[in-house]
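A.B. asks: For reference, the chains in residue letters:
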Amino acid sequence: MKTRTWLIATLGSAVALAGLVALLNFKLDLYGMFSDQTGQSRLVYGDERVAKFLLSTRYVPTNFNALLIGSSVSANWNAGLIESYRTYNESLNGGNVVEQAAIVDQALERSGVSAAVLLVHPYFTSSHNFETVELTPRIKLGALGSTSLLSAYKNAVNIRLGREEQTYDRFGSNNFATAARKLNPRLAKMLAADGDFEIDAIAMQSYFRLIDKLHQRGIRILFVVPPTSTPLLTPKLEAFAHYQALITPHMAAGDLLLDLNSAEYASLRDNPENYTDGVHMRPPAARVVVAAIDRELGKLRRP
Amino acid sequence: MLFSSFAYLTLFLPVVALAYALCRRFGGSTAGQACLLLASVVFYAQSGSRNLLLLLASIAFNWLVVRRMVATTVDRTRQLWLVLGLTANVGLLLAFKYLNFFAEALPLLGLPAVALPNWAFPLGISFFTLTQVMYLVDCYQGIGTPVSLFRHATFVSFFPYITSGPLVRAESVIPQLQSPAAGEERLLMACQGVFIIALGLAKKIVLADSFAQVADAGFSATAALSTAEAWIFSLAYSLQLYFDFSGYSDMALGSALLFGIRIPQNFNAPYLAASISEFWQRWHISLSQFITNYLYTPILRTMGRATLWTSALATVIAMGIAGLWHGPALTFVVFGLMHGVALAINQRWRKYKRKLPWVVAWLITLVFVNAAFVVFRSPDLPSAMHMLGQLLPHPHTGGMDTLIGVLPISLSLVLQPVLYGTILAFVPLTSAQLTDRFRPTLLNCALTCVLLLLSALYMNSAVAKRFVYFAF
Numbered sequence: 001m002k003t004r005t006w007l008i009a010t011l012g013s014a015v016a017l018a019g020l021v022a023l024l025n026f027k028l029d030l031y032g033m034f035s036d037q038t039g040q041s042r043l044v045y046g047d048e049r050v051a052k053f054l055l056s057t058r059y060v061p062t063n064f065n066a067l068l069i070g071s072s073v074s075a076n077w078n079a080g081l082i083e084s085y086r087t088y089n090e091s092l093n094g095g096n097v098v099e100q101a102a103i104v105d106q107a108l109e110r111s112g113v114s115a116a117v118l119l120v121h122p123y124f125t126s127s128h129n130f131e132t133v134e135l136t137p138r139i140k141l142g143a144l145g146s147t148s149l150l151s152a153y154k155n156a157v158n159i160r161l162g163r164e165e166q167t168y169d170r171f172g173s174n175n176f177a178t179a180a181r182k183l184n185p186r187l188a189k190m191l192a193a194d195g196d197f198e199i200d201a202i203a204m205q206s207y208f209r210l211i212d213k214l215h216q217r218g219i220r221i222l223f224v225v226p227p228t229s230t231p232l233l234t235p236k237l238e239a240f241a242h243y244q245a246l247i248t249p250h251m252a253a254g255d256l257l258l259d260l261n262s263a264e265y266a267s268l269r270d271n272p273e274n275y276t277d278g279v280h281m282r283p284p285a286a287r288v289v290v291a292a293i294d295r296e297l298g299k300l301r302r303p
Numbered sequence: 001m002l003f004s005s006f007a008y009l010t011l012f013l014p015v016v017a018l019a020y021a022l023c024r025r026f027g028g029s030t031a032g033q034a035c036l037l038l039a040s041v042v043f044y045a046q047s048g049s050r051n052l053l054l055l056l057a058s059i060a061f062n063w064l065v066v067r068r069m070v071a072t073t074v075d076r077t078r079q080l081w082l083v084l085g086l087t088a089n090v091g092l093l094l095a096f097k098y099l100n101f102f103a104e105a106l107p108l109l110g111l112p113a114v115a116l117p118n119w120a121f122p123l124g125i126s127f128f129t130l131t132q133v134m135y136l137v138d139c140y141q142g143i144g145t146p147v148s149l150f151r152h153a154t155f156v157s158f159f160p161y162i163t164s165g166p167l168v169r170a171e172s173v174i175p176q177l178q179s180p181a182a183g184e185e186r187l188l189m190a191c192q193g194v195f196i197i198a199l200g201l202a203k204k205i206v207l208a209d210s211f212a213q214v215a216d217a218g219f220s221a222t223a224a225l226s227t228a229e230a231w232i233f234s235l236a237y238s239l240q241l242y243f244d245f246s247g248y249s250d251m252a253l254g255s256a257l258l259f260g261i262r263i264p265q266n267f268n269a270p271y272l273a274a275s276i277s278e279f280w281q282r283w284h285i286s287l288s289q290f291i292t293n294y295l296y297t298p299i300l301r302t303m304g305r306a307t308l309w310t311s312a313l314a315t316v317i318a319m320g321i322a323g324l325w326h327g328p329a330l331t332f333v334v335f336g337l338m339h340g341v342a343l344a345i346n347q348r349w350r351k352y353k354r355k356l357p358w359v360v361a362w363l364i365t366l367v368f369v370n371a372a373f374v375v376f377r378s379p380d381l382p383s384a385m386h387m388l389g390q391l392l393p394h395p396h397t398g399g400m401d402t403l404i405g406v407l408p409i410s411l412s413l414v415l416q417p418v419l420y421g422t423i424l425a426f427v428p429l430t431s432a433q434l435t436d437r438f439r440p441t442l443l444n445c446a447l448t449c450v451l452l453l454l455s456a457l458y459m460n461s462a463v464a465k466r467f468v469y470f471a472f
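Residue numbers (the numbering used here), protein chains in the order written: chain A, 1 to 303; chain B, 1 to 472.
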């Protein structure tokens with residue numbers, strides 16, 4: 001091959017290949033970013049954070065009018081059972097409020113969302129680091145070709161071939177394993193320590209900013225304190241109360257608080273069978289929680 | 001502007017290459033040079049106008065000093081100009097990199113603390129200062145020839161190497177600026193350039209940044225590592241540094257080749273070295289040559305007679321200075337001193353003419369280099385000592401709790417490059433050899449396209465990390 005031919009062929013092929021990959025991904029549109037999403041059904045594939053971030057650019061605001069914002073504690077709450085609002089579960093496994101705020105920002109770029117269910121749990125504000133990738137608007141370019149997209153395709157193909165299980169539904173809820181397991185070390189440490197919960201100042205500021213942003217958009221918030229199993233809750237009752245007291249002053253008129261650690265839900269918390277590890281709930285118990293959320297969200301609708 | 005950014009690869013480099021080709025075609029080599037100078041100024045200006053002013057002042061000053069130095073035949077005057085030039089260059093480095101470091105050390109010596117302004121040091125200051133130190137000394141010794149301000153400025157500011165090297169001597173670049181390759185040879189160089197840029201980009205984006213994820217995670221959670229984890233994290237950093245810097249050097253080489261200019265290779269399979277002296281002949285080669293010619297030799301000369309002991313002392317001092325050159329931190333000084341002592345021991349060992357089996361020598365070298373890089377990577381000496389302690393066998397030998405806890409959830413994206421990179425780092429075939437053997441074949445076309453596409457996918461997945469050596 002002549003050098004001139006090689007140079008032109010190589011640079012031309014590289015550009016053509018890159019263009020082809022981008023065009024293919026544009027057409028496949030795994031995250032529903034490049035086409036009208038009305039009535040569409042999209043699932044999470046690959047990295048959960050990247051997927052929910054990208055799904056929130058168009059699919060979520062087009063098809064849902066409420067967001068469930070939280071961590072793994074709320075990740076398996078079946079948002080599809082909520083009838084008062086079409087709710088998308090944005091919760092992330094091991095997620096913190098900084099990551100969630102980045103995702104919610106995407107969903108709020110388009111109009112459509114009018115209510116939010118916001119988790120009130122110390123784990124959610126215990127760190128401010130991005131666990132996998134930094135969720136910035138630059139990630140949107142990745143929808144045209146990136147390694148995370150490659151792993152999403154791999155995941156999708158494996159699910160199609162029955163090699164992997166799809167644990168997410170079109171409402172973003174993650175039906176993860178229900179077998180009993182040990183509490184993750186961070187949560188275990190948090191719940192075992194004496195005194196109040198350790199709070200990451202940056203995460204807490206991000207939490208307050210998120211509340212302000214939702215309010216500024218006219219979005220009403222249902223604050224939800226998730227039920228913690230009685231053996232874990234009892235020694236930390238005061239710490240939970242102190243934590244809650246930090247947040248309630250930020251509630252606006254019209255917002256609601258659903259405290260699932262209150263006496264009314266004692267039977268839910270007393271039964272160890274309701275939990276896989278004392279914090280994360282099994283599906284039947286999660287359904288009880290979702291029903292309670294649905295009831296409260298219904299009240300948000302009323303002026 | 002990072003070499004591994006879309007802005008550089010898809011806009012800056014193609015536009016400059018095209019403009020240069022047009023300038024050369026219609027205006028000759030002087031117009032081509034003017035194009036390169038302008039491109040370098042635009043490239044460097046991205047780091048801030050204050051930095052650009054400093055670079056231009058440094059270029060003008062050094063050029064003027066050399067002009068005055070060679071204008072006289074009186075030895076004493078020539079020496080004075082040299083001393084003035086060297087002092088000013090060292091002073092510039094001191095002012096921007098080391099003043100606060102030394103000021104902070106004053107209370108340790110029982111002297112009153114002095115508060116100094118903390119200037120952010122300009123990008124590439126260590127590199128363009130050393131390049132001009134070499135120019136000054138070479139011209140003083142009659143090895144180099146003074147050139148016009150235009151040529152000097154083009155040579156010093158040449159964008160492929162201004163930010164992180166390789167350190168080049170004027171004699172190796174200026175003749176190429178004056179009469180660059182032409183015709184078929186130039187086209188072949190351009191092909192080689194594209195090929196080695198693809199190799200370097202993949203090294204940096206796919207391999208180095210994957211190793212960085214493991215190393216960064218590990219070095220941020222060193223509290224209770226098992227021995228195995230300490231080795232995994234430290235080796236990950238050693239490999240990150242290699243792929244990062246050699247990837248950068250490949251891209252610098254490739255960028256220069258696009259303009260028909262060959263700059264020296266900076267790496268030659270360093271992790272295959274079977275002694276510390278061999279390691280420094282393979283690692284950051286241009287810096288090693290600078291240390292030998294412009295630090296070690298002058299220091300040895302000032303000591304009078306060259307004996308094994310004076311040579312060892314000169315080595316330790318030169319390497320200590322080279323360590324400090326990396327930045328104002330004790331960890332860098334200790335890193336340099338460690339290598340200095342190891343080189344001195346190596347010199348002594350060679351006197352005995354006893355040869356270790358290659359595998360044993362290689363393993364000792366690798367273990368030492370890895371340990372020295374732990375010091376290099378650590379934020380301070382106590383942390384370095386702690387990490388080094390973790391490398392030694394201790395009761396908690398084989399656990400992987402920290403590794404599992406700190407690694408990113410998207411493991412598969414990191415593990416494959418890490419696996420391939422670990423193998424590639426120990427393959428004797430280097431990018432420079434591949435480029436030398438390069439032929440414009442279909443296979444090389446396909447390989448280049450695949451590497452570029454793969455790199456683009458990785459680049460598009462996360463914001464590219466800065467090159468490690470941008471910090472020095």
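Hints in this document: simulated from the structure, not taken from any laboratory.
Be aware that one or more of the hints could be misleading.
Stated by the list, open to error - Covered stretches of chain B, as calculated for chain A (at least 3 residues, CB under 8 Å):
{"no.": "1", "stretch": "144-158"}
{"no.": "2", "stretch": "440-447"}
Unchecked claim - Here are the computed distance ranges between Cβ atoms for each label pair:
{"no.": "3", "chain 1": "B", "residue 1": "S220", "chain 2": "A", "residue 2": "T248", "range": "31 to 41 Å"}
{"no.": "4", "chain 1": "A", "residue 1": "K154", "chain 2": "B", "residue 2": "S148", "range": "30 to 40 Å"}
{"no.": "5", "chain 1": "A", "residue 1": "F130", "chain 2": "B", "residue 2": "N118", "range": "22 to 32 Å"}
{"no.": "6", "chain 1": "B", "residue 1": "S148", "chain 2": "A", "residue 2": "R4", "range": "47 to 57 Å"}
{"no.": "7", "chain 1": "A", "residue 1": "R4", "chain 2": "B", "residue 2": "A228", "range": "49 to 59 Å"}
{"no.": "8", "chain 1": "B", "residue 1": "N100", "chain 2": "A", "residue 2": "H242", "range": "17 to 27 Å"}
{"no.": "9", "chain 1": "B", "residue 1": "L415", "chain 2": "A", "residue 2": "A22", "range": "42 to 52 Å"}
Note that the Cβ used here is the ideal one computed from N, Cα and C, for glycine as well.
A.B. asks: Does the Cβ-Cβ separation between F130/A and N118/B fall within 22 to 32 Å?
C.D. replies: 29 Å, holds
A.B. asks: Does the hinted range 31 to 41 Å hold for S220/B and T248/A at CB?
C.D. replies: 35 Å, holds
A.B. asks: Starting from the range 42 to 52 Å, see whether the pair L415/B and A22/A falls in it by beta-carbon distance.
C.D. replies: Between L415/B and A22/A, where Cβ atoms are some 26 Å apart, the hint is violated.
A.B. asks: Cut-off 8 Å, C-beta pairs, minimum 3 residues; does the coverage of the stretch 144-158 of chain B by chain A stand?
C.D. replies: violated (count 0)
A.B. asks: Please check whether S148/B and R4/A have a Cβ separation lying inside 47 to 57 Å.
C.D. replies: Distance hint for S148/B, R4/A is violated at roughly 33 Å.
A.B. asks: Under a C-beta cut-off of less than 8 Å, do 3 or more residues of the stretch 440-447 of chain B approach chain A closely enough to confirm the stated coverage?
C.D. replies: The restraint on the stretch 440-447 of chain B holds, since 5 of its residues have a Cβ under 8 Å from chain A and three suffice.
A.B. asks: Could one say that the CB atoms of N100/B and H242/A fall in the range 17 to 27 Å?
C.D. replies: For N100/B and H242/A the Cβ distance comes to about 42 Å; the hint is violated.
A.B. asks: Is the gap between the beta carbons of R4/A and A228/B within 49 to 59 Å?
C.D. replies: 53 Å, holds
A.B. asks: Do K154/A and S148/B keep their Cβ atoms within the hinted range of 30 to 40 Å?
C.D. replies: For K154/A and S148/B the Cβ distance comes to about 58 Å; the hint is violated.
Of the hints listed earlier, those the structure fails to meet are numbers 1, 4, 6, 8, 9, in rising order.
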